[in-house]
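Go ahead and model the full structure; you've got the sequences and the hints to work with.
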Amino acid sequence: MSQLQAAIFGALSGSLFALMALGLSLVWGFLKIINLAHFAMILLGAYLTFELATTTGMDPILTLVVSVPAMFCFGGLVQMGFDRFEVSEFNSLLVSYGVLIVTVQVVSNIWTADFQRMDPAVNPYAVQSVSLGPLVFPLPTLIAGIFAASLVIVGQLILERTYVGRAVHAFGQDRQIASAFGIDHRKLGVLLAGAAGATAAVAGMLFSLGESLNPDAPFEWVGRVFAVVILGGIGNVTGTLYAGLLVGAISGVTAVVWSPSASPFVVFTMVVLALVFRPTGLFPQKAGH
Amino acid sequence: MARDRGWIGLLATAVALAVVPFLQEALDFASFYLVFLSGILFWTAQATSWNILSGYSGYFSFGQGAFYGVGVYSMAVLFGRHEVDWLVAIVAGGVLSMLLALAIGTIAFRLRSLRGEIFALLTLAVPFILAAVVRLSDTIDGGQGIVVPVPAFPEALGSFQSFFFVCSAVVGIAAVAIAYVMARTRYGWALFAIRDDEVVAEGLGVPTFRHKMIAIATTGLIGGASGAILALNLGFVSVEGTFSLRVPLFVIVMSVLGGRNHWAGPMVGAVYIHTLQNRLADSAYAGWSLIALGVILVLLVLLAPEGLMARFSARPRTVVAAFVATLLALGLWGGWGEPVDWLAAALAAAAVVGFLPGARRAALRPRPADEVGEAEPALTDEPMTAGVASRTLVATGDLTKAFGGVGALRGVSLTVSEGELVGLVGPNGSGKTTLVNLISGAFAPTSGTITFNGADVVGLPPHRIAHLGIARTYQIPRPFHTLTVKDNVAVALVFGRRPHSLREARRAADEYLALVGLSHLTHQLPGQVNLHERQLLEMARAMATRPEVLLLDEALAGLNPVEVDNAVAVVRRIHESGVAIVFVEHLLRVVRQLATRIVVLDQGVQLAGGDPEIVMSDPAVISAYLGREGHARSD
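These protein sequences, in sequence, are chains W and R. Residues in the first sequence are numbered from 1 upward in steps of one, following the numbering used here. Residues in the second sequence are numbered from 1 upward in steps of one, following the numbering used here.
Treat the hints as calculated values from the structure; they're not laboratory data. Be aware that one or more of the hints could be misleading.
Per the computed footprint, the stretches of chain R lying under chain W, defined by three or more beta-carbons under 8 Å from a beta-carbon of chain W, are [to be verified]:
1) 132-139
2) 217-229
3) 247-256
4) 297-310
Calculated cross-link-like contacts (lysine to any residue; reagent style SDA-like; alpha-carbon spacing at most 25 Å) [stated by the list, open to error]:
5) W:Lys-32 - R:Asp-197
6) W:Lys-187 - W:Arg-175
7) W:Lys-32 - R:Ser-617
8) W:Lys-187 - R:Leu-302
9) W:Lys-32 - R:Val-199
10) W:Lys-32 - R:Leu-299
11) W:Lys-32 - R:Ile-476
12) W:Lys-32 - R:Ile-173
13) W:Lys-32 - R:Leu-87
14) W:Lys-32 - R:Arg-478
15) W:Lys-187 - W:Gly-29
16) W:Lys-32 - R:Pro-305
17) W:Lys-32 - R:Asp-196
18) W:Lys-32 - W:Ile-183
19) W:Lys-32 - R:Ile-118
20) W:Lys-187 - W:Ala-170
21) W:Lys-32 - R:Arg-498
22) W:Lys-32 - R:Leu-303
23) W:Lys-32 - R:Leu-111
24) W:Lys-187 - W:Asp-174
Quick caveat, the model's predicted, so the values are computed rather than measured. Ideal placement from N, C-alpha and C gives every residue a C-beta, glycine not left out.
Here it is, written out as structure tokens:
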């Protein structure tokens with residue numbers, strides 16, 4: 001039973017990593033930007049939630065009203081910069097790395113380098129749990145799972161069903177042709193990058209709900225989130241969710257049957273194997289997109 | 001030229017560093033300076049190590065922490081836990097790290113579809129795996145950390161700091177010397193060619209896999225040895241401290257700042273970043289060090305991606321003068337700060353001078369051209385065989401290539417004999433370029449045979465096929481854009497059928513530039529010449545591999561009539577020098593003029609072949625060219 005509990009709990013935690021990976025994967029797949037500043041946005045989102053809830057006593061989930069628009073603008077602005085300087089896929093990695101470490105230092109200067117978490121008085125979710133038969137789950141993990149799944153479904157529907165979604169697909173396949181057919185690539189890029197920033201804000205809020213914050217957290221996310229992006233397939237929305245659940249479940253089970261320190265070993269060995277044998281991801285998208 | 005004096009500077013630096021420990025006793029300066037210099041030397045070694053793989057060959061790595069970490073833990077386990085001699089542990093660190101590098105290379109570089117970003121992510125994963133292994137294994141660390149005691153070092157060195165300084169200096173100087181030597185030998189040239197265009201490099205005869213393995217092994221060796229030495233100074237090593245993102249981050253920023261294309265770039269970057277970090281940590285702005293680093297990285301990539309070394313070498317005297325003048329002025333005045341502050345100020349002055357307006361233009365201004373016009377080429381050692389059709393060179397049998405379910409080529413049997421100039425024509429999508437790609441080894445056929453001089457060449461890597469005597473050009477020219485026109489040709493000579501030394505190759509390259517009439521552009525960069533000239537450069541480069549068969553893929557595409565006539569003359573000249581040519585072309589006028597025989601492809605099938613005049617009046621050929629409807633109407 002403990003293994004089943006570990007697998008489900010792991011998968012739910014993994015869904016948070018899927019949500020962190022979602023925006024990164026979309027921007028990489030469609031805008032050809034490897035945006036490490038995405039982690040900066042998650043961090044800022046988490047600290048915004050922490051700050052608003054702690055100082056104003058707002059419900060942590062409601063802080064999204066502020067953090068989502070803020071990170072939408074952050075993401076859009078970064079994308080405008082990339083566009084303005086015509087940064088290549090490769091250089092985007094370097095530039096956004098710079099943005100990330102600047103953000104980490106700024107966060108550390110404002111909120112100190114110490115671990116902090118929201119007081120239970122303002123964050124009622126942290127201390128609650130839900131039991132399903134013999135299985136017990138902390139509420140923050142369940143909330144993360146619900147948010148991640150809904151956002152992935154919404155994202156997939158937008159990409160498949162709407163005009164904007166189709167334009168994004170066309171743009172990802174050939175931006176010159178897409179531009180020639182009247183798609184405004186700048187607006188579209190800023191919109192997509194802004195949406196990615198919005199998902200980052202949600203991921204940050206969910207992280208701060210259940211975990212302690214510190215400014216170096218992005219460096220702990222980077223490895224696992226990239227693992228999810230690669231296993232899910234770059235730009236593949238539903239693949240990202242599956243990969244997050246898979247990575248989470250495997251980490252959880254490995255931690256129980258072997259050792260918690262062994263989970264990165266198993267996960268990253270999977271990543272290496274995937275890169276070698278399935279470079280387009282474990283969950284190929286159906287043709288016809 | 002200034003760049004050939006690099007070794008003098010290197011030697012002078014080495015000598016100067018060698019006497020520093022003895023000067024400390026004589027002058028009694030603070031041991032802070034030994035520690036400071038050791039830091040610069042450590043980062044010089046790590047950044048230079050990273051740059052050999054990621055700067056020279058262009059395969060960007062986030063895995064420097066893995067090589068460094070293997071070195072650190074070799075020292076910690078062998079010397080710290082098992083009391084093996086520290087010198088042995090340094091060597092072991094280097095060798096183990098090199099083995100890890102070779103393992104990564106064997107997996108990654110075997111992949112045909114490996115893209116740069118995928119390699120970068122692969123190397124990002126490696127330190128995480130290593131960290132997990134180290135933490136899990138009780139024979140290595142087990143998560144507790146390891147104490148590294150102070151080693152027994154030769155007494156002549158005095159303090160431990162002197163000893164550590166000497167070790168760091170040996171590895172730091174060795175790293176830069178290796179990078180310097182590589183940049184001046186065929187190894188470096190192979191890597192530069194790979195960085196600029198790996199497919200073309202392979203096609204010109206560069207064994208790309210082998211050279212990438214050499215590069216990654218060198219990176220591993222230096223990174224590991226340097227890490228092992230640093231462990232001596234750490235005293236205590238832990239998984240978290242060792243496999244953090246600090247080392248990969250710093251080596252990247254340093255190399256980008258200094259310049260990834262230059263052997264001294266990472267060293268310059270290490271001096272700047274280490275000094276900056278040191279001064280910031282000592283000041284009231286300690287919390288700003290990462291901000292400074294991040295802002296520098298962003299600004300550099302956006303505004304000056306070529307790095308400081310490129311700016312410095314554009315006006316070396318001014319930069320050195322600014323540096324020395326600032327240092328002397330502050331030193332003689334003595335009213336502000338300590339020597340390390342003067343150094344920081346002098347470095348800043350040098351950077352400002354380097355970035356003053358005008359430097360960029362100087363860096364990009366073409367060097368004065370060589371004397372123009374050695375008249376006609378003198379390819380005397382090739383016999384004149386034109387017109388004497390005889391020996392079969394290339395023969396394809398029932399060659400088929402399918403992409404997915406689409407048959408790009410279906411059962412093509414083509415022969416090319418000595419002295420022929422075969423015109424390969426056909427509408428768009430008829431499989432002409434696919435045929436060129438198959439013969440040159442860029443793709444493997446789905447079925448069928450390809451022989452060259454009677455020997456089967458299917459499945460050989462392109463560089464082996466180039467060595468046998470088949471060369472090709474690309475429809476859209478693909479020059480190595482960081483090499484001069486002359487060096488583009490010289491690369492082909494160095495790695496071609498008869499390997500030349502660099503010196504010979506540079507001399508012999510003139511002959512090929514004269515053959516295509518580019519002698520006046522010798523020292524230009526490919527980006528500075530026009531399309532026609534780049535297409536001629538493609539031909540010169542292909543000829544420099546000394547082929548028996550030359551495959552020209554639409555060498556006249558996009559040219560104006562005058563340029564076409566010039567290119568036709570060049571092709572004829574090449575043909576007359578005794579090289580058989582397969583000539584993919586749309587301009588039927590040109591094909592008629594040049595070809596000794598014409599082969600027509602349509603939708604992957606060979607339609608006709610033979611004498612140009614006869615083929616051109618074949619109704620099937622006319623129909624393929626003018627379209628079926630047009631033909632039907634004329635019926």
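Starting from Lys-187 (chain W), check that the Cα of Gly-29 (chain W) is at most 25 Å away, please. holds, 17 Å
Under the criterion that the straight-line Cα-Cα distance not exceed 25 Å, is the pair Lys-32 (chain W), Asp-196 (chain R) satisfied? holds, 20 Å
**Item:** Pair hint Lys-187 (chain W) and Ala-170 (chain W), alpha-carbon separation not exceeding 25 Å
**Value:** holds, 14 Å
| task | Would you check the hint for Lys-187 (chain W) and Asp-174 (chain W), treating anything up to 25 Å between C-alpha atoms as holding? | result | Holds - the C-alpha atoms of Asp-174 (chain W) and Lys-187 (chain W) are around 16 Å apart, at most 25 Å.
Holds or violated: are the alpha carbons of Lys-32 (chain W) and Val-199 (chain R) at most 25 Å from each other? holds, 22 Å
The stretch 247-256 of chain R covered by chain W? Criterion: 3 or more residues, Cβ-Cβ distance below 8 Å.
-> Coverage by chain W holds for the stretch 247-256 of chain R (3 residues, Cβ < 8 Å).
| said: With the threshold set at 25 Å, check whether the alpha-carbon distance from Lys-32 (chain W) to Leu-299 (chain R) stays at or below it. | reply: holds, 20 Å
Taken at face value, is the distance from the CA of Leu-87 (chain R) to the CA of Lys-32 (chain W) at most 25 Å? Given pair Lys-32 (chain W), Leu-87 (chain R) is violated - Cα atoms ~47 Å apart, limit 25 Å.
Hinted pair, alpha-carbon criterion (25 Å max): Lys-32 (chain W), Ser-617 (chain R). Please report holds or violated. violated, 49 Å
| query | Does the alpha-carbon distance linking Lys-187 (chain W) and Arg-175 (chain W) stay inside the 25 Å limit? | reply | holds, 13 Å
**Asked** Does the alpha-carbon distance linking Lys-32 (chain W) and Ile-476 (chain R) stay inside the 25 Å limit?
**Response** Holds, because 24 Å separates the two Cα atoms, which is no more than 25 Å.
Tell me if the straight-line CA distance from Lys-32 (chain W) to Asp-197 (chain R) falls inside 25 Å. It holds: about 20 Å lies between the C-alpha atoms, which stays within 25 Å.
Taken one by one, the earlier hints fail for this structure at numbers 2, 7, 12, 13 and 21, listed in ascending order.
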